[in-house]
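Protein chains in written order, with numbering that gives the first Met the number 0: chain A, 0 to 302; chain B, 0 to 302.
Keep in mind the hints are simulated off the structure, nothing from the lab.
So the derived list for chain B, only partly shown, Cβ under 7 Å to chain A, looks like this:
{"id": "1", "residue": "Thr124"}
{"id": "2", "residue": "Tyr150"}
{"id": "3", "residue": "Thr264"}
Cβ coordinates follow ideal geometry from the N, Cα and C atoms, glycine included.
2 protein chains.
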Amino acid sequence: MLVLVLGVDVGGTATKTVLVDDAGAVLEVRSRPTPRPGPEIVPEVLDLVAELACELPSDHVGVAVPGIVDEPRGVGVFSKNLGWQDVPFADLLADRLCRPVAFTHDVRAGALAEHALGGGVGARTMLFLPIGTGIASALVTDGRVHDADGYAGELGHVDVGHGEPCPCGGTGCLEVVASASAIARRYTARTGREVGGAVDVARRVEAGERAAVSVWDEAVEGLVTALAWTAGVLAPEVVVVGGGLSGAKGLLLKPLTEGLSARLTFQRTPRLAPAVLGGLAGCRGAALTAIATQSQVPGRRAG
Amino acid sequence: MLVLVLGVDVGGTATKTVLVDDAGAVLEVRSRPTPRPGPEIVPEVLDLVAELACELPSDHVGVAVPGIVDEPRGVGVFSKNLGWQDVPFADLLADRLCRPVAFTHDVRAGALAEHALGGGVGARTMLFLPIGTGIASALVTDGRVHDADGYAGELGHVDVGHGEPCPCGGTGCLEVVASASAIARRYTARTGREVGGAVDVARRVEAGERAAVSVWDEAVEGLVTALAWTAGVLAPEVVVVGGGLSGAKGLLLKPLTEGLSARLTFQRTPRLAPAVLGGLAGCRGAALTAIATQSQVPGRRAG
Numbered sequence: 000m001l002v003l004v005l006g007v008d009v010g011g012t013a014t015k016t017v018l019v020d021d022a023g024a025v026l027e028v029r030s031r032p033t034p035r036p037g038p039e040i041v042p043e044v045l046d047l048v049a050e051l052a053c054e055l056p057s058d059h060v061g062v063a064v065p066g067i068v069d070e071p072r073g074v075g076v077f078s079k080n081l082g083w084q085d086v087p088f089a090d091l092l093a094d095r096l097c098r099p100v101a102f103t104h105d106v107r108a109g110a111l112a113e114h115a116l117g118g119g120v121g122a123r124t125m126l127f128l129p130i131g132t133g134i135a136s137a138l139v140t141d142g143r144v145h146d147a148d149g150y151a152g153e154l155g156h157v158d159v160g161h162g163e164p165c166p167c168g169g170t171g172c173l174e175v176v177a178s179a180s181a182i183a184r185r186y187t188a189r190t191g192r193e194v195g196g197a198v199d200v201a202r203r204v205e206a207g208e209r210a211a212v213s214v215w216d217e218a219v220e221g222l223v224t225a226l227a228w229t230a231g232v233l234a235p236e237v238v239v240v241g242g243g244l245s246g247a248k249g250l251l252l253k254p255l256t257e258g259l260s261a262r263l264t265f266q267r268t269p270r271l272a273p274a275v276l277g278g279l280a281g282c283r284g285a286a287l288t289a290i291a292t293q294s295q296v297p298g299r300r301a302g
Numbered sequence: 000m001l002v003l004v005l006g007v008d009v010g011g012t013a014t015k016t017v018l019v020d021d022a023g024a025v026l027e028v029r030s031r032p033t034p035r036p037g038p039e040i041v042p043e044v045l046d047l048v049a050e051l052a053c054e055l056p057s058d059h060v061g062v063a064v065p066g067i068v069d070e071p072r073g074v075g076v077f078s079k080n081l082g083w084q085d086v087p088f089a090d091l092l093a094d095r096l097c098r099p100v101a102f103t104h105d106v107r108a109g110a111l112a113e114h115a116l117g118g119g120v121g122a123r124t125m126l127f128l129p130i131g132t133g134i135a136s137a138l139v140t141d142g143r144v145h146d147a148d149g150y151a152g153e154l155g156h157v158d159v160g161h162g163e164p165c166p167c168g169g170t171g172c173l174e175v176v177a178s179a180s181a182i183a184r185r186y187t188a189r190t191g192r193e194v195g196g197a198v199d200v201a202r203r204v205e206a207g208e209r210a211a212v213s214v215w216d217e218a219v220e221g222l223v224t225a226l227a228w229t230a231g232v233l234a235p236e237v238v239v240v241g242g243g244l245s246g247a248k249g250l251l252l253k254p255l256t257e258g259l260s261a262r263l264t265f266q267r268t269p270r271l272a273p274a275v276l277g278g279l280a281g282c283r284g285a286a287l288t289a290i291a292t293q294s295q296v297p298g299r300r301a302g
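Just chain A, same shape as in the assembly (with noise of 0.2 Å):
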């Protein structure tokens, strides 16, 4: 018998949905916009969600969401984007949809998703590196990802030594030189001149123009050092690349794979790989995640 499940990753714009089978094929894909922060964002994200659960019938669904995520409580502890404080999503969504509903973390979702369907296929410890408008960080290990009640995962918060201050307070955060965001904003701030984001810069440094490769040199060097601290204490296998950045491919993991070398010595030195799943990662496990509670309530079957 066929079981459906559905994965949903509410983003900080849009909110991305997948129908998958248990076999893992997709069935389906929608995306719709996230409802805007304010106070009715809790109940406006339940009806969203429920409204997604009625269109596309499934056994089993997963909800992922940004922000600090308590998944053994099943509480989103903030999201700074959305402008939540401690939800308790699980019952939330359980009493909506009166049936259980997985809940998780979006990154720690596509860092599952990566590990099982992407990048990261076959290896025994991975590290998922989204680059987007933020940088954020998940580690898996023989399949399970490590979530520390919500708290893990900052990477781009730690200080990898360019002395620029951070809106989180921090000094050096990684964030502020090698997110998609910081690589664009840097550019114009050098240069005066807008871009549409930090491919426009990569297009730029393909290009040779100097501008453009002294912020691309100074985010890779900001992201080896923060994969070479990673590559010593937790040793993944592979490290995937995600989100926005990872967009540029052989111009972000060419000279991210050589300054690692050069970095490390007798550290075990990850693969660099680009993710698979793009935009889809955090809904892909969010039904991964589905599936997997569900396999864990004894008795219950599916359908």
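Starting from the structure of chain A, add chain B where the hints point.
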């Protein structure tokens, strides 16, 4: 029926052994010199373990060794101090003792023991940080230690930005300023005065001696940098500080706690706790590993 478990920790200079029962009571502790590095080191270590197993009869045996240890394959991949490479210890020990022997890594075994019995009891996520001749780390989550095929845990060789070269070939390694040996060595280099070790330097810090204070502050600064990274990326609830330097207790943990609080912004600040098991953490952990391994063998009964 009482089940007896022997835990052996083959250290750089001493091999420590504990006989415990399955309720955790310590029945016997022994220490022997570890065989000297040389062409016969491996058979000599096997003889030593066999001898201990004969003197202290037990139902299960666990053995921990230093260096890079691949637990899933049961191989001592590399030990610089003891001078071995790619030794299939699990198989060799099983042949020598005519029964299965649990094989593990000294620091990861110590982490398990501190988590189960020592400074990390009750924490879902714990970092073990032994600071002695060198500095290592081990991450425990839900009772499992992150091993990454034996390559994890090199927090002693992350670049904390002091710019000095490390014998490993890297620059700025934490170990160069913050290990117990480094503190003693740097104090002597700065003052020309020989000291018995970092504990001597700690005494001079308490007496307000300026050179000692500056060496100590540099060590603390490096450790704060390393722990701030760890707090962001791994977010352990508690960091258990072990090894020789943990004897300095307040002199170390107080400024570390203050430094971390000042450095972190939104990240979860870990509680810092002194290790409880001292030099026995490794052999206690080897015994725990023997019990855990045993419980995974279906159908095999103890005793």
